[in-house]
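Protein chains in written order, with the working numbering: chain G, 1 to 662; chain L, 1 to 106; chain Z, 1 to 499; chain B, 1 to 489.
A portion of the hints provided could be inaccurate.
Claimed, not checked - As a list, the in silico PhoX-like pairs of lysine-lysine whose alpha-carbon atoms are at most 20 Å apart:
hint, chain 1, residue 1, chain 2, residue 2
1, Z, K377, G, K25
2, Z, K440, Z, K377
3, Z, K377, G, K109
4, G, K109, G, K29
5, Z, K311, Z, K440
6, B, K440, Z, K164
What the hints assert, rightly or not - Computed footprint of chain G on chain L; a stretch qualifies when at least three of its residues, placed anywhere within it, have a C-beta under 8 Å from a C-beta of chain G:
hint, region
7, 18-28
8, 35-49
Treat the hints as calculated values from the structure; they're not laboratory data. Ideal Cβ placement from N, Cα and C applies to all residues, glycine included.
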Amino acid sequence: MDTNLLWIVLLPFLGFLINGLLGRKLGHKTVSVIACLLPVLSFVVSYAAWSRLVDGANALHWNGFPWIWLEGTLEVPFALHFDGLAAVMCLVITGVGSVIHLYSIGYMKGDPGYHRYFSYLNLFTAFMLLLVLADNLLLMFIGWEGVGLCSYLLIGFWYEDDANCAAGKKAFIVNRIGDLAFLIGMFVCLQHFGSLDISMLTSAEEITRVSAETLTFPWGAASVVTTIAVLLFIGATGKSAQIPLFVWLPDAMAGPTPVSALIHAATMVTSGVYLCCRLMPLFEASPAAMGLIAAVGACTALLAAFIAFTQNDIKKVLAYSTISQLGYMFFAVGMGAFSAALFHLVTHAFFKALLFLGSGSVIHAMHHEQDMRKMGGLRNRLPFTHITFLIGTLAIAGVPPLAGFFSKDEILFAGFQQGFLNAVGSAQLFWLISFLTAGMTAFYMIRCVAMTFWGESHVEESLERNVHEPGGWIGFALFVLAIASALGGFLNVPEFLGGHASLGHFTGLHHSTSDLSVDQLRSLHVSEWQSMLLSVLIAGSGLMLGIHCYGKGRDLRTSFNDSSAGKALGRLSASKFYVDEIYDRIFVRPFETLSHLLFILIDRIIIDGILVNGLALLTRSTGNVFRRIQTGYIPGYLLTFGCGVLVLIFILLNFLREGGAQ
Amino acid sequence: MFSLPSILYLSALLFCIGTYGVLARRNILIVLMSLELMLNAVNIALVAFGRVHALGAPAGEHGGQIFTLMVLAVAAAEASIGLSLLLVIWRRWQSIDLRTLCRLNN
Amino acid sequence: MIPEFDSFNLPILSLIVLTPALVALVLCLVDRNNRALIRQLALMGSFLTLLFSLLMVANFDSNLGTMQLEEQHSWIESLGISYHLGVDGISILLVLLTCFTMPFVFLSTWAAIGDRVKEFHIALLLLQTGMVGAFVSLDLILFYLYYEAMLIPMYLIIGIWGGKERIYAALKFFIFTMVGSLLMFLGILYLYNHAGTFDLPVLMERLRTTHPLGSDQQLWLFLAFTLSFAIKVPLFPLHTWLPDAHVQAPTAGSVVLAGVLLKMGTYGLLRFAIPLFPEAAFDLQSMMAWLAIIGIVFGACMALVQNDIKKLIAYSSVSHLGFVVLACFIPNLEALTGAILQMVNHGLSTGMLFLMIGIIYERRHTRELADYGGICKVVPIFTIFFLLAVLSSIGLPGLNGFVGEFLLLYGVFSSVPLWGCLATTGVLLGALYMLNMVKKFLFGPLVHEENHHIEDLNTRELIYLIPFVVMMVWLGLYPAPFIKMVQPTLTLYVEMLQN
Amino acid sequence: MELTISRAEILALLPAAILFFTGLMQLFLDLGKSSANTRSEKTHLAMIGVTGILLALASLFIQGVEPSSGALYAGAMTDDLFGRMGAGVIIITALFCSLMAGGYLASSGNNRAEFHSLICFSGGAMVLLCQATNLISIFVAIETLSLAVYVLAGYFKNHQASSEGAFKYFVLGAFSSGFLLLGMAFVYGASGGSISLADIAASATHDDTLFAVGTFLMVIGFGFKVGAVPFHSWVPDVYQGAPVLSVGWMAVAVKSASFFALFRFVLFTGGGQILAQILAAIAVVTMLLGNLAALNQLSLKRMLAYSGIAHTGYLLIPLVLAVSGSGAIAGASIPFYLISYAVTTLAAFGVIVAISVATDRDDVQDLNGLARTRPLLALGFTVALLSLAGVPLTSGFIGKLMIFSDAIEGGFLHLALIGIVASLISIYYYLRPVVAMWFKEPSTSFDLIPASWGVQFTVAVCAIATVALGLFPDWLVNLSKLSVHAILG
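With the sequences and hints as input, model every part of the structure.
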């Protein structure tokens, strides 16, 4: 029982309440102090808890209180759980989060929605921490949807532009599609595990018990575990922007840039990966689901990288890069390398936050110009930003010894190991895809750097004079994150390089190699070396090609662009594979048209028109008929009377005769 | 002298004539006369029934006859009301055709 | 445990039911021009009722699943009708919801209703008596009496204080409801003739033991009862009165209609139609479920294409209550608990949404979405509250809507997975139309000149909105006590149905 | 044969006698002044009328709820509870009509003693009708009341519509009297010369064609009076044409008295299943036609005329039960429904009287905005309409409850079902005046002549009684049961 855990979540939430309720009256300074101090405090608490874990304590637990509590039937408590995995996530969230909060002070200065912005950001932090700390899936779902809400609010932060609101809405709705699968996944869990507690869902006995059960679908049978894993993974594809639900993330760049850094790069979008790591035993029990995850991850990585080639909006490039990197993480998950996935999650949080904040610094300096074609040559004006951005770029490209190098290498090796050492055919293909993607990543990132910072300036003159390095908190944040991006890789140095894979061990995700013999270990290390060399090679060539194309060797680029294949590919990339358009044509518009049609056809015409009003009309016109037969002529009345008597007597006599005959 | 059925047939015939008169004629005066005819047709039946049943019944049971007397009185009152209404109608419409009275309808 | 407050042996339920009616009588004597006094008296009356309802909760033993606080007096003995009240887990939350909503409804009308204030308050008070009475009646005729008694004040409220098409809407409301309730009336009489009592507990006992119904009888009676309740809910395809009624009704009318009145339908299903005729309910389960599911999706689709905010929310009610109806026909604890919670949640969130639309309507006199847009800049506090209500309505975890929705959907899913999955799509569609509305209503550029100077929420409005928010958060984060009140009754109920 | 008159016989005759005497008094007192002063309220006439009626009522109450003293006047009449209840309804109706008459007649410039005394005369005949137990007294009573009512219908002899209505009523009424009388003759003949109902019941068999046809013709005769389809044609025209107050009197008193007599007859003699089936068909058609034809009426009086036909249809349901031999089941609903209907209808007609005094018209649209100008009248009318529609908390609801419940118990579920459908249809037109009163704004031409206190009193008392009977009907239900069971023995 550790109530302190609650404070990790509660502190940022407090910030939200204070700023949300009183922010308007407090003034910018107080707002910033409160908004930044509380996540920092939360970081401190997390750090303290983390150090207790390091000291050898078991996982910390807060029993909380009953939440959705049907005694004896369905008992879901509001309880928190703090173990290695949660600790790492908490530190990343509060750490990177705090830095981004600080950055925001500079970035959002003078915005009329200042306090609103910070209260949303605090709220986001709280929800994200709740997601991470949750002891059961349902509680995690609060955080899960809560971060989605904050994402929605922050994407549409500048609500006066319709496009921003539409992007926010799109994000929420697309996420909800995934959430439906998550919800149904939880139902299946409840039905078969009888609980949503993560400890239950990950306990080996339970999983073995449940994996014997199968479900029948119209299209065939599937094991329960696979069903759950796939459903939860679909949930993850929503949040973590994987095929087929990635379409919201590029649009989400409509929000303020620090938001993109925090929510749409470092933390929220990685919660899908976190979910997989959290439920590692469950996923591992289903090879089919793992295969699917690897396939989706690899394909997403490739697709997004390909689209990133032609994007001209600096944030869009980073957005597609994020999608691609998240694909990497899922690829790792699919390969069973959960520790690598988490590692990449952490390093990605560092360098992608850095990249976004760097781009933010550029955008800020350029007075909200995001088109890279109108930049160029900013290296001189923004030297510090340039350096840090470059560090980030190299880190993501996988240049040793920066953070991305270690993590990406681990992932690629996992694929290599599965595909070639364990000889799994499909894994070979996926490895190849991600291997190529590594090169592509290096290429489009260097393109981005080149277009923004290098070469000639395309900045409007009036603007250029005012472009200057934003100092203060912005610089501080860039500095901190640059260091983290540079050194983050050392958190989990693999054993063959003499490290201890400490992150993997700490979180319990690392597969121990201690049961291997010395020979096996040696051959493993050899292949690890091979894989590493390959990845460095591909990253290097990507970088070189990029520098060549966007540096001096422009002719290569233009000639490629002019070739018919190049044109076709370029169009395909620039149009983002028409995914948005296809979704629009297949789902969105038919649905709206259908709704309109149904409204008019069923509600207006059939129910109201024909049934309701028709019935009323029928009744009224029958009434009118009866009204009209009342002609007012006495002879007519007498005749009715007389005929009535005659007919009725005739009937009576008829009946009487029949009755008598019987 | 006359058997019960034959008297009843006479009564029925008169009733039918009366009914026909009410239904078929348009002159209010004739309709009033037909109504009287209907009542009196029933009177014949009543008297006939009374006569038949009184034969076997204890003394003092002359319901049919008493009934007839009552009906005669009522018929007289009815005729007077009818005729006074006829006067009102005549004053207003200058006509004693039933078909003219049709302002109230629907 | 909770201390016993019932030291005077008060007839608490009667007090709750009759206080509003008595206050209405008092109001009859007040000068019609003394609006302030009328308003304050009505408000005090409704607060008093709220107090009594809290007393009811204090005296309610949530470990028992049986009828509690029962009151029974002979009334029309010659016709077998008695005055029999009682409350159990199924009704207690609904009584609470009603008593909770009414004071704030009264507060909300202070600015909106300026014409015939006296009549309006009398009508609302009588409406309250009708609603609470129907929830606690244990005699079929007494129930029917209250059930119908709600109709007239509501009819007047729509017809007198409503919008342009109010007469059509009021008539449609009245006749639709009457169609069902008269058939139910016939069913009640048939039951009386069959089993010789109007008293619900006795009747149920007799139907189970001494006077079982034939399957044909069950079927027809079930249909008669269900038709009535389905119209009230309203279940697709009997829903077309609702959008008209909502759009035309004044704010208070809409709030009561959505907040409480619609629940009469689902409550009736739970209390009467299903337990009285369990076999018929079971036979028709899939038909009802499919209708409910169609209603969920159809209502959502309709909501998506509405331009009038009230109409949109009316259709959203069709969708939301589709969930509840679906769950009513699933005999397991989760679904039924979810159904009851969802009734309360819908009352809170939709009630609040209507209150807020009323607030903005008072200022701008339009409900067309096209006339708004970007007003969150002008009315930031309004925006926050409105968003909260919307989020509660679309079932954001952490707010009330989710708790009910989760239990309900899980219950349905565990029984018939296909229905559960189909119903779950309603959650998605709900987010779709609600956020669409929010976007057009609150966000975007501030185009219209008239919208530049809308006043934000004032203190009175805050006073009646904040309790809703508090309840939403409470029910969202700590629903356990409420679930506990409901559970024992439903456990017995499920056992009974499964036998 | 000895001619002695017992105390019970005197007491039984007293209410009717007092009414007749009151009518005569009024005629005499107004003698010689009749041409002048027709615009004054002539309070003395009302005073005498009210006093007489109250006396009659008192004489009725002297008898209390004690059981019947058996056959009186050699079986011509009885003083049983059933008859006393019928007499009570009629006398109370007469009271309210007298209270309203002065103001109403004065405003139309027709205040003569004849109206007042005709109410008393017809009232006396109706009281006798309720108590009559042999064919002769039934016929004489029904003809007496009819003749008086013909004149009441044509009371505004300068009004074309009034005269036309009266004449239609007269011709059709006389025609139906012929059939009634024929039926009586048949019954008389078929039952071996019995005049009194008790003897007829003892000697008749339902299979006898003559008896069945006779019974049926009698039912037709009564059916005309209460407006059962297809003998209803006169109702809308006469209601529309006749003075409002006469219509109110007809709608309440004539119908009640006829139904009381008809029920007494049927309860005594029964009628057999076949007759019951035919009557059931008549009930169905009456309920449906009455309600459907009322849907699009603009005139309140005409609308209430059709509504009255519809209510006749509902009342035919217990009649069907009684004819089919289930009189014990249907018992209580007959007197109760009639009393409830009387009270409700009086409230409604009170308001129409007020409207036609104020506006000289009686269309639905003349009610526009009544809730603003005369809230209490509007409330009273609303209560009356809701009660007619059978909405709970009113006596009409309890009445319908009893009737439909009886129908189900007697095995006539389909009648109950059609009754429900019919009352559903009726809601539409009952709500129309409500809409006009509450939802519409008053037209500027609305003349604010305040309703006379008699009208106000009537509406108030009757509306309150309607609600009170809806809330606490127990005593009346018990009384009704008691009265019917006394007949059935």
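Quick rundown of the hints versus the structure:
Under the criterion of a C-alpha separation no larger than 20 Å, the hint pairing K377 (chain Z) with K25 (chain G) is consistent with the structure, at around 16 Å. Proposed proximity of K440 (chain Z) and K377 (chain Z) is supported: the alpha carbons are some 13 Å apart, at most 20 Å. Of the pairs offered as hints, the one joining K377 (chain Z) and K109 (chain G) holds, with about 19 Å between alpha carbons and a cut-off of 20 Å not exceeded. At roughly 10 Å between alpha-carbon atoms, K109 (chain G) and K29 (chain G) fall within 20 Å of each other, so this suggested pair holds.
For the suggested pair K311 (chain Z) and K440 (chain Z), the alpha carbons sit about 15 Å apart, so the restraint of at most 20 Å is met. Of the supplied pair hints, the one linking K440 (chain B) and K164 (chain Z) holds, its CA atoms being roughly 12 Å apart against a limit of 20 Å. Counting residues of the region 18-28 of chain L whose beta carbon lies closer than 8 Å to any beta carbon of chain G gives 4, which reaches the threshold of three, so the coverage claim holds. Counting residues of the region 35-49 of chain L whose CB falls under 8 Å from any CB of chain G gives 0; the rule of at least 3 is not met.
In this structure, the one hint that does not hold is number 8.
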